[in-house]
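J.: Protein chains in written order, with UniProt numbering: chain A, 1 to 320; chain B, 1 to 320.
Warning: the hint list may mix true and false statements.
Pairs involving identical chains hold if they fit within one copy or between any two copies, as the list cannot separate such chains.
No farther apart than 27 Å at their CA atoms in a straight line, the calculated lysine-lysine pairs in the DSS-like style are these [unchecked claim]: (1) 291 <-> 267; (2) 198 <-> 291; (3) 151 <-> 291; (4) 106 <-> 151; (5) 26 <-> 153; (6) 151 <-> 26; (7) 291 <-> 102.
Think of the hints as simulated: they come from the structure by calculation, not from any bench.
Residue strings, one per chain:
Protein chains: 2
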Amino acid sequence: MKLKMMYSFLNSDLTVIENELEETIKAESPLLHQASLHLLQAGGKRIRPVFVLLAAKFGDYDIDKIKNVAVSLELIHMASLVHDDVIDDAELRRGQPTIKAKWDNKIAMYTGDYIFARALELITNVENPHAHKILSHTLVELCIGEIEQIKDKYNYDQNIRTYFRRIKRKTAMLIAVSCQLGGIAANVEEDIHKKLFKFGYFVGMSYQIIDDVLDFVGTEKELGKPAGGDLHQGNITLPALFAMEDSIICDQISRVHEGSERSDIEKIIALVKESGAIEKSLQISDKYLQKALGVLEEMPPSRSKKALRDIAKFIGKRKF
Amino acid sequence: MKLKMMYSFLNSDLTVIENELEETIKAESPLLHQASLHLLQAGGKRIRPVFVLLAAKFGDYDIDKIKNVAVSLELIHMASLVHDDVIDDAELRRGQPTIKAKWDNKIAMYTGDYIFARALELITNVENPHAHKILSHTLVELCIGEIEQIKDKYNYDQNIRTYFRRIKRKTAMLIAVSCQLGGIAANVEEDIHKKLFKFGYFVGMSYQIIDDVLDFVGTEKELGKPAGGDLHQGNITLPALFAMEDSIICDQISRVHEGSERSDIEKIIALVKESGAIEKSLQISDKYLQKALGVLEEMPPSRSKKALRDIAKFIGKRKF
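Chain A on its own, in the form it takes in the complex:
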């Protein structure tokens, strides 16, 4: 089943979200508007808004209220991509030139700032002040995650705990908070929105591990870029960390630096694949997936619960 089919009952509300996204980034500054619109039109799965809407279905679902949260979360995700692309010197994203490529790093920096600020402005429409606290705290964590990732580039003396902490901050928190804030904006009980947070957190961890695995096993066509990009850029992910338990592979990986040859990266990819590190990583991802499904089991049955289950499973098994 295709991802979109799993939540087709949200289609009209997702159109509302899409329009609202476009409305929100409208800026008096034509340059800012253009840059933001460019980013928006590059598309994306809008998976965070989907989580927000599905989570809100456990409470008093009112799209006029929920949309603020959904749009805000997607904007924060988008802003973090813009700043990420500056860090990674990325020229392309989703087949489109990045803002830093089409304009420059400076425009990208302030476009990111602007979108962040819009997101925070929007969340203030949610009456529960707890929502603002949660969102701003998530932003703090996101920034710490980003800085830690920069610091740990080409640092081969890091352990698996460091990795988990980093992907929690960089990915899982935002998905967790998408689910939680969807619940909060729909006035669910504390018990429920805490469960929604947990579910999102586990799904997010599973999602990021799969993402990191795909960077080793995906084809250039599937990934839209050559495999091994993380390694090449010095981002040491779970498969690399597991493979480094073998001292020979560890020695090879530790030699990777900014100017490493493509052919050396390819050799290492082959070694990592043979080492069993991919399977071990997938097992961890699956553990997180099972935890996510376990939390979901405690929720009352509904169409939304089924959709969340389907999405979580899809994410846990996706091939690209």
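Got chain A sorted already, so can you dock chain B onto it with the hints?
T.: Frame of chain A; chain B shown alone:
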């Protein structure tokens, strides 16, 4: 009278603010903590916290509540400086290497993001949700101001209205909001916090115009950098715009570009000084100052009102 003497009765509370600033930027990430601390220790006038505290004196002054606003506003100012230094490729600020110089642009970008996020997290401690709305909206305006400034670099086809709109967004709004939020956090009536906003806005406009004048008339020693820096970097400020009403000077100024010779800049500075543009700019600054003092007159008498008056006058007459 020295600036600090004008509000010496705030001294112990300003120490609280200073400690709180240091406490707030503490991060689990040592790199982030170091970079933020570096910025904090470079000092600064902390004029925004001073405005917050003085404004709060018009209401129920409780330093434990007010400090959240004061620290938040100073953090936003600091974060905007970090991102500004990236844009301007600045190596030094207040005689210290900038974050982008000591580390790099990427660290500077995320340190700025982190400090922004911390500021927003802190403001959620203020119970009145109106405060969150005002602050996030100010951030949006700040970003638009920054982008417009980038867009308008070396653009000689801009008018004085563009200039006023830009300095409103880049400077005056944050000072206005410092005053307003100080009032709101101290539960003043709407009528009072709107006046505080106006006062801050007028002071901020006056302040920025003086700043832009000083860039023409200050000595290298006073400015800590050669005069004419704005012009050289393509920032067309009020004195330049007035001077450009003379077609000969307009022609000269319009030739300034990124690689212009220092000697050409010096010639233009002399022309601008002779043109009467400095005096015209100072008159405008003074008009804003008078408006600020006028708003203040409507406020009930107090020690705090006197301090605000003294500070406004000081800002309007400062030589560096």
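J.: If a hint holds in the structure, say so; if it does not, say that too.
T.: Cross-check of the supplied hints:
In this assembly of identical chains, residue 291 and residue 267 lie within 27 Å of each other by CA distance neither inside one copy nor across copies; the values are 35 Å within and 71 Å between. Taking CA atoms no more than 27 Å apart as the test, residue 198 paired with residue 291 passes inside one copy only; the shortest distance there is 9 Å, against 54 Å between copies. For a Cα distance limit of 27 Å, the shortest separation of residue 151 from residue 291 qualifies neither inside one copy, at 30 Å, nor across copies, at 49 Å. For the identical chains of this complex, residue 106 and residue 151 are neighbours both inside a copy (22 Å) and across copies (11 Å), given an alpha-carbon limit of 27 Å.
In this homomeric assembly, residue 26 and residue 153 come within 27 Å of each other (Cα to Cα) only across copies, at 22 Å, whereas the closest approach inside a single copy is 36 Å. Taking the closest pair of Cα atoms, residue 151 and residue 26 come within 27 Å of each other only across two copies (17 Å); inside a single copy the shortest separation is 35 Å, beyond that limit. Taking CA atoms no more than 27 Å apart as the test, residue 291 paired with residue 102 passes in neither setting, with 42 Å inside one copy and 44 Å between copies.
Checked against the numbered hints above, the structure violates hints 1, 3, 7; every other hint is satisfied.
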